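S.K.: Residues per chain, in single letters:
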Amino acid sequence: MNRLDFEIIKNVIKDNSRILDVGCENGDLLKFLDKGKKIDGRGLEISQKNVNICVKRGLSVVQGDADKDLISFPSKSFDFVILSQTLQATRSPEKVLKQLVRISKYAIVSFPNFGSWTIRLKLLINGVMPQSSSLPHYWYTTPNIHLCTIKDFKKLCKKNSIKIEKNFYLNRFGKKINNPIKKNFSNFFSASGLFVLKK
Amino acid sequence: MKNSKKFAYLGTNTPLKLDSGKYLKNFKIAFQTYGKLNKKKNNAILICHALSGDQYASGKNPITKKPGWWAKAIGPNLPIDTNKFFVICSNILGGCLGSTGPKELNPKTKKIYNMSFPVITIRDMVNAQKMLIDSLGIKKLLSVIGGSAGGFQALQWAATYPGNIVSAIPIATSFRHSAQNIAFHEVGRQAIMSDPNWCNGNYINKKKIPQKGLSVARMLAHITYLSEEAFQRKFGRNLQNKLSLAYGFKTDFQVESYLKHQGQTFVDRFDANSYLYITRAMDYFDLPAQKKGGLKNIYKKTPVKFCVISFTSDWVYPTKYSKEIVDALNAVGANVSFVEIKTDKGHDAFLLDEKEFNDTVKGFLKATANKIGF
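Protein sequence lines, in the order shown, are assigned to chains A and B. Residue 1 is where the first sequence starts when you use our numbering, and the numbers rise one by one after that. Residue 1 is where the second sequence starts when you use our numbering, and the numbers rise one by one after that.
To be clear, the hints were calculated from the coordinates, so they are not data collected in a lab. Being a predicted model, the structure only gives us computed values, none of them experimental. Built from N, CA and C at the ideal position, the CB exists for glycine as well. Hints are supplied without guarantee of correctness; some may be wrong.
[Claimed, not checked] Quick list of in silico lysine-lysine cross-link-like pairs, DSS-like style, CA-CA up to 30 Å:
1) K14/A - K301/B
2) K72/B - K49/A
3) K14/A - K291/B
4) K291/B - K76/A
5) K198/A - K300/B
6) K300/B - K38/A
7) K40/B - K76/A
8) K65/B - K31/A
9) K323/B - K105/A
10) K105/A - K166/A
11) K35/A - K84/B
12) K366/B - K31/A
13) K199/A - K140/B
14) K95/A - K140/B
15) K38/A - K291/B
[Said to hold, decoys possible] Far from chain A, by Cβ distances over 10 Å, these chain B residues were calculated:
16) K108
17) F184
18) C307
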């Protein structure tokens with residue numbers, strides 16, 4: 001599995017940095033980054049089964065919950081903290097976001113955009129909770145309990161005085177959107193967003 | 001792999017200062033090595049044994065004639081691969097398989113120590129191990145690995161000598177002995193000391209052995225090393241060599257027979273006074289108490305890479321204690337991995353060839369070795 005945003009994250013991260021991947025699953029992103037870059041990578045993962053897989057692969061990973069356990073890390077203890085496609089599955093996205101920027105110099109956050117035109121269209125026409133490639137679950141099985149749009153996310157950052165250093169918008173095929181018009185209307189055109197944040 | 005007797009004679013110039021304030025001069029540590037030390041001397045791994053373990057971690061144990069206690073984990077192409085690593089395992093200070101302990105001669109008085117042996121701690125054991133490692137010319141260990149009381153030693157190594165180890169793998173362990181841990185040990189000690197053959201600890205001189213006491217201590221302890229599920233799975237209510245209950249107090253159930261066997265075989269290989277001293281050392285273990293601010297201050301800025309491993313059915317040192325260690329390490333930004341292995345085999349699971357466990361140790365050691373470049 002190669003998630004949409006791996007390449008972008010790799011380009012954002014600098015060599016010799018300390019990284020924490022929050023919700024690192026089976027360690028694919030850490031392994032991917034480790035191949036191309038010199039990094040000191042760690043992972044936090046909620047499923048013990050996934051943690052065991054990671055450690056077997058030689059990664060430094062602990063079992064933990066983004067909602068509860070980020071608080072135990074000291075401030076600015078990482079150069080980059082990554083929360084890839086996980087924010088929408090946390091119980092308190094605002095608290096998690098605050099913790100991310102506290103423990104890191106830069107937080108990289110990506111999430112599916114619920115404001116994308118395909119989702120809007122599906123809801124408008126079908127009148128049921130939309131499903132897509134990045135949101136494949138039914139409303140009653142989804143782990144994504146706090147879906148938001150890019151506009152919502154930006155508002156939340158502003159509320160907490162979190163600076164958006166960089167932003168990337170991806171279409172539904174995982175390709176970076178470069179068209180300036182579409183970029184301007186990112187909340188309408190992009191399937192997901194990736195932001196580099198700083199406090 | 002052949003086990004030949006190896007000893008290091010230590011404390012000849014500078015004695016070992018014990019936590020009790022006493023000094024230990026001219027003592028010996030019995031040890032075994034497996035694999036070869038490379039030219040850079042950076043492939044050495046120290047294995048710390050638990051309460052009833054010994055230096056014969058791999059190969060054939062010359063006393064029991066059985067495979068070493070961790071023969072399934074240490075050897076060529078095994079998780080702790082002796083084709084790659086130089087593995088050292090020493091009998092702990094206070095032990096009874098060659099290292100200085102209560103059954104050895106006090107070089108000063110030329111008499112057996114017995115209960116005049118000073119009370120020792122986990123930190124004393126680790127300090128003695130450090131002297132052994134120094135005597136072998138090794139500056140930095142690739143890893144210190146141990147389960148149970150061996151895990152105490154691994155944690156203590158990381159606390160006392162962080163610059164001399166690259167990584168530590170504390171397994172099925174804790175950072176201090178709980179009231180329940182101490183309670184079980186005390187029952188074991190009382191069983192030994194109330195055996196008339198214990199003779200106030202002077203049984204060797206009186207040519208006696210407190211067999212019953214030591215065997216009961218082991219039976220009790222062994223119950224704690226397994227889990228309720230494991231006992232049920234292994235024995236249930238099965239009867240031992242009989243078809244119906246005998247309505248008496250000889251062995252009726254298989255589980256009784258099993259425990260008696262555990263007790264008896266233990267007496268053949270272990271010294272009762274050593275059992276008293278080592279259990280005491282474990283009871284005294286309280287790592288956070290060693291420094292103001294506790295674990296967080298002890299491991300502040302630690303360069304050591306940790307892999308903490310626990311087992312779901314371990315009720316001697318349950319997972320929550322491993323989690324506390326991991327939380328403290330995270331809080332100081334240490335490099336830590338934490339794996340909890342699902343098993344019904346209880347505390348002793350680390351000795352029992354669990355695939356998940358083996359793969360974890362193997363993966364972690366491989367990554368650690370890669371990190372320092374071999």
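S.K.: Confirm or reject each hint.
M.R.: The hints, checked one at a time:
Among the hinted pairs, K14/A with K301/B is consistent with the structure: their alpha-carbon atoms are about 23 Å apart, no more than 30 Å. For a cut-off of 30 Å, the pair hint linking K72/B to K49/A stands: about 23 Å separates their Cα positions. With a C-alpha separation of about 37 Å, the suggested pair K14/A and K291/B falls outside the 30 Å cut-off, and the hint is violated. Restraint check for K291/B and K76/A: the C-alpha separation of about 25 Å stays at or below 30 Å, so the hint holds.
Note on K198/A and K300/B: the hinted pairing holds, with a Cα-Cα distance of about 26 Å set against a maximum of 30 Å. Restraint check for K300/B and K38/A: the C-alpha separation of about 24 Å stays at or below 30 Å, so the hint holds. Between K40/B and K76/A the CA atoms are separated by roughly 36 Å; this puts the pair beyond 30 Å, and the hint is violated. Only pairs whose Cα atoms come within 30 Å are accepted, and K65/B paired with K31/A is rejected, the gap being roughly 45 Å.
Under the criterion of a C-alpha separation no larger than 30 Å, the hint pairing K323/B with K105/A is consistent with the structure, at around 27 Å. Distance check on the hinted pair: K105/A and K166/A sit about 14 Å apart at the alpha-carbon level, within 30 Å; holds. The straight-line distance between the Cα atoms of K35/A and K84/B is roughly 24 Å, inside the 30 Å bound, and the hint therefore holds. Straight-line distance between C-alpha atoms of K366/B and K31/A comes to about 15 Å, which keeps the hinted pair within the 30 Å bound.
Straight-line distance between C-alpha atoms of K199/A and K140/B comes to about 40 Å, which puts the hinted pair past the 30 Å bound. Restraint check for K95/A and K140/B: not satisfied, since their Cα atoms lie roughly 42 Å apart, outside the 30 Å limit. With a C-alpha separation of about 35 Å, the suggested pair K38/A and K291/B falls outside the 30 Å cut-off, and the hint is violated. Annotated as non-interface, K108/B keeps its C-beta farther than 10 Å from every C-beta of chain A; the closest such distance is 48 Å.
No Cβ of chain A comes within 10 Å of the Cβ of F184/B; the nearest lies about 28 Å off, and the non-interface call holds. Against the 10 Å criterion, C307/B falls within the reach of chain A, whose nearest CB is about 7 Å from its own CB.
In the structure shown, a violation is registered for the earlier hints numbered 3, 7, 8, 13, 14, 15, 18, in ascending order.
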